[in-house]
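Make the full structure from the sequences, and use the hints.
My numbering numbers the first residue of the sequence shown as 599 and each following residue consecutively.
One or more of the hints may lead you astray.
[To be verified] Keeping only pairs whose Cα atoms sit at most 27 Å apart, straight-line, the calculated BS3-like set for lysine-lysine is:
1. K680 with K717
2. K761 with K797
3. K797 with K752
4. K680 with K622
5. K739 with K721
6. K761 with K679
7. K768 with K673
What the hints contain is simulated information worked out from the structure, not anything from laboratory work.
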Amino acid sequence: MDKEISQAVIARLPRYFRYLGELKDSGVERISSQELSRLMHVTASQIRQDFNNFGGFGQQGYGYNVEYLYSEIGKILGLDKKHHLIIIGAGNLGQALANYMNFERRGFIFTGIFDINEKLHGKMIRGMKVRPMEEMQEFVKDNNIDIAVLTIPKESAVATAEKLVGMGIKAIWNFAHVDLDVPDSVQVENVHLSDSLIKLSYMINQYEKEHDIDEEE
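This is the structure in structure tokens:
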């Protein structure tokens, strides 16, 4: 596909995929852009524009075949393939991610978990043994790992990311509170949890201003 797709469109694709999956599981066979618009609170025009970036998928007077559209968006997102992940950091967040089953339904297979803390080595987390960092390079090579999840302090995240790049990791899902600078060949998704919370604070603040709500009432 030669056409460059905007980041805004790419950001909406997982949401389309999620809604279509729910519709498919509910037995819905087809849906119009207007119906999808009402569900997702995205304009029908925007939905059609987004899908037209990839060829359209719809039929005049019929709308969209839910199962077909779900499958095609899954392929665009690369979800027709399995991805093997490791988690670096076996603290509360790392353990929570390892225990989240829904990732595997989407083809993301957690294969190993690593930590620098010797007290955690050997601990079993959903059938996975916490391993020392020294074993990571060989493990990545032997298990065809393509994604690393960082749930470690920002002080060690940069150096760890550099090591992962050297191991041939294709992507990093980064929960450390620092933006990573890696080669273009390595994809990074930075997740700053506090940013989402601050955004929520802004939305509360704006709503109260618009509706003239006094905090002390």
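Each hint tested on the structure:
no., hint, result
1, K680 with K717, "violated, 32 Å"
2, K761 with K797, "violated, 33 Å"
3, K797 with K752, "holds, 21 Å"
4, K680 with K622, "holds, 21 Å"
5, K739 with K721, "holds, 22 Å"
6, K761 with K679, "holds, 25 Å"
7, K768 with K673, "holds, 18 Å"
Hints 1, 2 from the earlier list are contradicted by this structure; the remaining hints agree with it.
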